[in-house]
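So the sequences go chain by chain: A and B. This note's numbering numbers the first residue of the first sequence as 116 and each following residue consecutively. This note's numbering numbers the first residue of the second sequence as 116 and each following residue consecutively.
If you are wondering where the hints come from, they were derived from the structure by calculation, not from laboratory data. Idealized CB from N, CA, C, for every residue including glycine. Hints are supplied without guarantee of correctness; some may be wrong.
Said to hold, decoys possible - Pairwise CB distance ranges, derived in the manner of DEER restraints: (1) T387/B with E250/A: 51 to 59 Å; (2) Q449/B with S357/A: 32 to 40 Å; (3) S177/B with Q440/A: 54 to 62 Å; (4) Q288/A with V269/B: 23 to 31 Å; (5) E250/A with L207/B: 51 to 59 Å; (6) D218/A with N143/B: 42 to 50 Å; (7) Q440/A with K308/B: 23 to 31 Å; (8) R206/B with Q288/A: 36 to 44 Å; (9) V269/B with L153/A: 46 to 54 Å; (10) D218/A with D326/B: 42 to 50 Å.
There are 2 protein chains.
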Amino acid sequence: MTPNKKATINDVARHADVSKKTVSRVINNEKNISAATLHKVKTVIQQLNYSPNSQARGLASSRSFLLAMIYDNPNPDYITEAMHGALSECRLQGCELVIHPCDSTARDMDESIIEFIQRLKIDGAILLPPVSESERLISKLKAVNCNYVRLLSVDSDNLDHIIRCNDRQAVSQISDHLVALGHKNIGFIQGPKAYQSAIERKEGFRQALEDRGLTLPENRVAMGDYTYQSGMECAEWLLNSSRPPTAIFASNDQMALGVITTAKKMGINIPTDLTVIGFDDSPQASRVWPALTTMDLHISQMSQMATRKLLTKYNDDKALSASIQTEFLPTFIQRQSTARPKNT
Amino acid sequence: MTPNKKATINDVARHADVSKKTVSRVINNEKNISAATLHKVKTVIQQLNYSPNSQARGLASSRSFLLAMIYDNPNPDYITEAMHGALSECRLQGCELVIHPCDSTARDMDESIIEFIQRLKIDGAILLPPVSESERLISKLKAVNCNYVRLLSVDSDNLDHIIRCNDRQAVSQISDHLVALGHKNIGFIQGPKAYQSAIERKEGFRQALEDRGLTLPENRVAMGDYTYQSGMECAEWLLNSSRPPTAIFASNDQMALGVITTAKKMGINIPTDLTVIGFDDSPQASRVWPALTTMDLHISQMSQMATRKLLTKYNDDKALSASIQTEFLPTFIQRQSTARPKNT
DNA sequence: CTGAAAGCGCTTACAG
DNA sequence: CTGAAAGCGCTTACAG
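Could you put together the complete structure from these sequences and hints?
Right, here's the structure in full:
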């Protein structure tokens, strides 16, 4: 990479007149170094503009300083946020992020992930839904002794391995809002059943409505798949029913955006004729008219905490470890797509 | 990583009864191996489920099999597409992608990028705009002998180092469309001058209109910054002028989306009262109502070609190298946001 | 076509 | 608190 040869640990050792083991000690922040030696070595490191070769470190210590983000998620906004959070923590702790999208419908997904992890000696894997929900993958990860943290909607693993988004409590906030506005005839658009979040949001919402004296009849539940297209279709179905709902809660923003489009096409005004609520707080939510009321899932923070949790193994900073938050509660973001129903 | 010890080159050599150098030859697809030996080694590799340790390979050969994608781009859709393209090529050629967002306004951006590249011994860097436009960074990259390819709107480097999007020809297609529809009073929303693409699109559009006997007066040019917010503001300014344009071309989709929102707020109907054209073909373009007419930039393909170009150095597949396309012409995507002006 | 030796730049396990 | 030796799993440069 460098013509003007990059400095190595040997150069530093020679210049500082110590053994390379001592240099290694300062690189790795080990204890038991005299202040004088520490200072001397640090000075030389500066002078020589030395930075340790991570391949050599990795080969010797069987660490790679590489974390992997593994996902199969059609939603780029989710991925982007997740990367952002993971990256912040990586910088803090001197790691790098390798991204590894995959196809969870492929037969050999698990094998190819494992091969990838072993080839790069990945220090730890951050698993995003729906990949994070595959117990088969998890058991293979354990078999090769690979550290991992899963972003999930439910507590289905040891707490060392999950960061959880409490979708149930989140949808209960939404039902509060809807009930407070006076809506009684509410439609719901569900996500694909292959996603745990879709189930949690649906069951949580149904439960929350019942707790508040309302119901969510099956003919008010449309089956979407988290896409814009499905949001449009579900909205059409709900709004063309004999007694159309006065509010629609779509279990993600893409589908809610589809609801808005369909309503516009049908000449239905939002929010006066129809209240629409999404779930995600995607960038587009604030960039439509009317701006979409939704839930902020704090994906970036969740991903950062997942990364921090992954690195506790290599990090003896107690304060940092203690700062890890395992469960996240989404935040309600009120914008312009909700209002009281017309005849109330 | 593995409790049940992963196989090494030595295990393969022993089982196949050859030297490890021979195993190395098959790993690296070298010539001059007898068919019998090749077969024998390959079989053992399969049996042992062996995959070479990329750290050891890297340390010995000063390669890392790691490519970096370096960017400072507020547009997640662009990044996502670029990653997708790069990743496809990485898989093809056995590399991995490390992502490295950065802040191009930071004083130490160049230094931190160089440090990162040297620390990981990155095999090559894919530079996205606007980072790709920094000549200062390029010269530092050259100084440390780091291979790179830039995604750019202009030819400002050796052809080995660029993949170009021909923004000028693209906007000329847009002016064709607008002129064919009969628009004469056209507004333009410019991107931030720090982006070369913003300049190319503006100058290209002005030139194209002039070539067709029209003009783009300065009072029809609004200064945006590629954000939705600026698109709204610019649209307000243009539409509140004494003789509002019958068509607005925004130099990216985010701003065009802002135009649509402002038009809606003002009660202006699209496309009958106002034609709107964007540039990017972002996912949202087809998810608003009316769906946005725009240009597909082929970012994923550009990024894939950039990656392929980067890897030619390590790859002696002539056919693959010959398949590299250096210049891309965006494709016009007609949707529902354009129509003839009202009184024509 | 194949192999033995040395070395890439670090860390581990020990010794003192 | 510090260091000498061996080794991580490969490739390079040679030799034959």
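Going down the list of hints, with the structure as the test:
| no. | hint | verdict |
| --- | --- | --- |
| 1 | T387/B with E250/A: 51 to 59 Å | holds (55 Å) |
| 2 | Q449/B with S357/A: 32 to 40 Å | holds (38 Å) |
| 3 | S177/B with Q440/A: 54 to 62 Å | violated (41 Å) |
| 4 | Q288/A with V269/B: 23 to 31 Å | violated (50 Å) |
| 5 | E250/A with L207/B: 51 to 59 Å | violated (31 Å) |
| 6 | D218/A with N143/B: 42 to 50 Å | violated (28 Å) |
| 7 | Q440/A with K308/B: 23 to 31 Å | violated (42 Å) |
| 8 | R206/B with Q288/A: 36 to 44 Å | holds (42 Å) |
| 9 | V269/B with L153/A: 46 to 54 Å | holds (50 Å) |
| 10 | D218/A with D326/B: 42 to 50 Å | holds (47 Å) |
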